[in-house]
Amino acid sequence: MLFNSVEFAFFFPIVTVLFFLTPHKLRWLLLLMASCVFYMYFQPIYILVLALIIVIDYIVGIQIEKQESKKKKQAILIFSILANLGVLFIFKYFNFLAHNINYAIDVLKVEGRVPILNVLLPIGLSFHTLQAMSYTIEVSRGKFKAEKHFGIYALYVMFYPQLVAGPIERPQNIIPQFHEKKYFNYHNAKIGMILIAWGLIKKVVIADRLGGFVNQVHSMPSDYYTGIPLIISYIAFPFQIYCDFSGYSDIAIGCAKVMGYDLMANFKTPILQKNINKFWATWHISLTSWFRDYAYLPIRKKWFPKTGIWLSIFVVLVLSGIWHGADWTYIIWGLMNAILVIIYNSLKHKKYFTAITNRMNTWVSICVTYAFIFYTLIFFRSSSVIKAFQFSINMFKNIGSQIQLILKNEHSERLNLLYIKQSFLDFTLGILSIILLIYFESKFKNNNIDSWIFTKSKRFRWTFYYSLLAIFIVFGVFKKSEFIYFQF
Amino acid sequence: MKKFFLNTFYLIIPFALIIAFVNISVDPANFFSNEKYETEAAAIVLKGNNIENFNTCDERILLQKIILGIKVAPETIVIGTSRSLEISGDIIEKKNFLNCSVSHANLNDFIAILGMLDSLKKLPKEIYIESSPTLINPSTTDEWLSIYEFYEYGLSKMNIEYDSKVKNSFYYLAIQQLNAIFSFAYFQKSITFLKKKKENTILDIGKNIPKNFGKMYDGSITYPSSYMNSDTLKAIADAEVYIKKSFLNEFDYKYLNILKKIIDYLKNNNIKIYMLNLPIQQDCYKIIAKENKLFGEIKNGTDEFAKKENVTLLGTFNPFEANLNRSQFYDPLHCNKEALKSVLKIVQYQAKN
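Chains V and W, in that order, are what the protein sequence lines are. The C-terminal residue of the first sequence carries number 488 in our numbering, and the numbering is unbroken. The C-terminal residue of the second sequence carries number 1353 in our numbering, and the numbering is unbroken.
This is chain V alone, in the form it adopts within the complex:
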């Protein structure tokens, strides 16, 4: 079920009201059933994959805790990790690997082929695999006691607000909350609703409008567009993906908050950071911290105790790239970010570099930082590496002649080059929405809307709520549109 669907507009209030009407002892059952309905709305059959992961990790958690020998604990953990990653590999990476091996076979003119599996990636598999793994790892480390209540454990993996696109939770944060008795709290409900509204605005008003421009450019053959349309797409896509994904996270956090559950923050105004380190510290926090805690730190501790931060960055960002998708474009995107962060960290203490950055205006620093980050996102969005490179080259072609054509003020030229076959209204609203987003995020100061709005007077708040609702209704794009991160 999509958060931005009519179905969810009924589903959420019904489940929430039932939640508060249900006795505490049975709430896990209600939420689990609701989560099953929510998930099965996408691909019913794949709930079996989810059930398999849940059963394995539930048993593994208990077995790990029972073992006294560290070696046995580790052996069971390895089994669990292999099972989780095995499922992920089959659904997400097998065909990618098979295509690459087959390509190599063709090039080397060797006999044989790796079969291609006819499977679809279950929605959100990468998210709940990581979440399930964090549970068994924490239990094996002795930082969290194995959950004995199967229903509560299943809910930990399946809790519907964050089931398909995170935030990727940790057992310490969410499982104890499922055991706590939750009472209706007006303040929580208010915060939750504001987050939901803000998330919907980001998705329906901003991301989906900008998506029109970006999708148009990327749906065409790579030599179809040059210059200005590509530059517009280059600028629009980062805002689209930010609003799409952070919008989803806001709605997820908001839905949980209304019921009294606190999910971890996933974004802390990443679009206004002055350097790439800060950007990565505020972007998709639940994923980067997952890789830091469960991939980088153990690897570093065991095999590279003397290496510094560079390895950390490399491991986290390349893994992040691979996690996003089974394609070279994502791997290159991860690598490019790793290189950028490494370059920045190796330069940041040099005198000449600090001299330059200190002289820079904050907004200039932000623009320079994002010029690089936006560039890496061309690879993230493109359907192939070749297309991404062609995009990078074509972006600088014909700009002068295109400006002249636009200035001639001919409708067809503007429609093609500036509005990228969208309307003038779409173009104006797209620009306005980016400006307003930057304005509001600058007010949030590394937090989210909820911490900002409650510093305002009641009159301001109510005007703001009415305005948000009016903007949503009048300027929303009400086409069925999935969240970008569902594909991962």
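Treat the hints with care, since some could be wrong.
Unchecked claim - Calculated cross-link-like contacts (lysine to aspartate or glutamate; reagent style EDC-like; alpha-carbon spacing at most 20 Å): (1) W:K1299 with W:E1309; (2) W:K1189 with V:D426; (3) W:K1121 with W:E1152; (4) W:K1047 with W:D1090; (5) W:K1341 with W:E1126; (6) W:K1125 with W:E1093; (7) W:K1290 with V:D223; (8) W:K1337 with W:E1093; (9) V:K479 with W:D1142; (10) W:K1195 with V:D426; (11) W:K1065 with W:D1118; (12) V:K143 with V:D293; (13) W:K1095 with W:E1126; (14) W:K1065 with W:E1075; (15) W:K1345 with W:E1093; (16) W:K1267 with W:D1303; (17) W:K1003 with V:D450; (18) W:K1286 with V:D223.
What the hints assert, rightly or not - Only some residues are given here: those of chain W computed to face chain V with a beta carbon under 7 Å: (19) K1003; (20) L1006; (21) L1011; (22) F1184.
Unchecked claim - Interface residues of chain W toward chain V, partial, derived using beta-carbon atoms under 8 Å: (23) M1001; (24) F1004; (25) F1015; (26) I1019; (27) F1021; (28) A1185; (29) Q1188.
What the hints contain is simulated information worked out from the structure, not anything from laboratory work. Note that CB positions come from ideal geometry on N, CA and C, so glycine has one too.
Fit chain W to the given chain V structure using the hints.
Chain W only, in chain V's frame:
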């Protein structure tokens, strides 16, 4: 909790009321006109006049009112989707002609419309059936439910088995109206409609040719000349994405069998049948032909079907075969009258009889 519900109520109710009021009072697609719009439009057409500023309405109900009102059965009809809605009597060179095509048509529409003509004793002597590739594809449209009674009649006449899934769609009209009352998209449409209210008022223009969106006395429609240049590029772009993603995903021979039963029924009623292939815009045709494996299968399937059923096959999907240019298309799937005229001259397969 009471305070929360009360505040939510204060926040949402004014918007809900405004949306409902605007959607019902402006009603750009005539969901709430209680067939008043369709009755008014049918009255103009039945006088033999043309309509200027023809708006979105329930085309099936309008067709029903027209068929009910005509005194003599049409000699020739065309039945199909919006792609064939522009076909007029002068293109086919027939005088007693009625265009019975409806937007988003599927085979259920064909059954219902033919059932309607049959039950009202107005079956034609000659029929042109559009064989759009989407027709022999599982359809998601259910607009035909507004003429459901004729669908049932058609099923019994054509000896086609009742699709049990259909039973769930009985509340179609009520749900459609309920959706429209609170739909944000319909609200946006209403506001746009309101801004151009003058251009949207239905007019009886006698025998004059409509300059705006129009409905002709023979059931065909007209587009304004500006339509061509305004959003064509956008529509092409949208459709290219659509075509790549979801156009012709499935080819189910079940639909070809239903079409066969319709053809058999028409033959049994001594109606001369032509099948029509209408062209796809050049850029889109290239994409479909190259990237959609099913398209070739459907195209060949249609050709084979026409031969097997001994039905004359006219026209082509291929715009290059018909020497059309890009300016003759409104969007990826709809060509203009001029293009239709030249396409209908192409005979792909000539039936023996």
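When the hints from earlier in the document are held up against this structure, which numbers fail? 20, 27
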